[in-house]
Amino acid sequence: MLKNPDRTEIKEVLDTAKTIAVVGLSPNPMRTSYMVSKAMQDAGYRIIPVNPMADEVLGEKSYAALTDIPEPVDIVNVFRRSEFLPAIAEDFLKIEAPVFWTQLNVVDEEVFNRLHAAGHTVIMDRCIKVEHAILK
1 MLKNPDRTEI KEVLDTAKTI AVVGLSPNPM RTSYMVSKAM QDAGYRIIPV
51 NPMADEVLGE KSYAALTDIP EPVDIVNVFR RSEFLPAIAE DFLKIEAPVF
101 WTQLNVVDEE VFNRLHAAGH TVIMDRCIKV EHAILK
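In terms of full-length UniProt numbering, the sequence shown opens at residue 1 and continues consecutively.
Don't read these hints as lab results, they were simulated from the structure.
There could be a bad hint or two in this list.
Said to hold, decoys possible - Ranges of calculated distance between the beta carbons of each label pair, as one might list FRET restraints:
#, residue 1, residue 2, range
1, Lys136, Arg31, 32 to 38 Å
2, Ala43, Glu9, 15 to 21 Å
3, Thr32, Pro52, 18 to 24 Å
Backbone N, C-alpha and C fix where the C-beta goes; we use that ideal spot for every residue, glycine too.
Model the full structure from these sequences, guided by the hints.
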């Protein structure tokens, strides 16, 4: 059974992070990934879209994969289905970001345990926008 960090630790993650790479960020303003990322951008975070089908989202250049991002990232926020998590986790481990975060209903216990064992903060099945609103 995976155990997310407590709210104190999540608040610390959100307070210290500046850059969020969003895997699966849609350019469609009606999609949850867009709305959540826009809210986080409006709250002062730099959003880096990761979507091979988009050139730009929210005024930021979009990258095909996490490994294509040329700068450090504080949080990787995942808006893809659970079955994609193992491959996303592989790329995550290559970029050395400290926090792996998946949105509501996106869970893979094996990935959670692997990343946690590798020393990363892992938060699954939580909406980053909701957590930010609760904890600010």
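Hint by hint, here is what the structure shows:
1. Lys136 with Arg31: 32 to 38 Å: Given about 24 Å between the Cβ atoms, the range is violated.
2. Ala43 with Glu9: 15 to 21 Å: Holds, at about 19 Å.
3. Thr32 with Pro52: 18 to 24 Å: holds, 19 Å
Figure legend: structure checked against the earlier numbered hints; the only hint not met is number 1.
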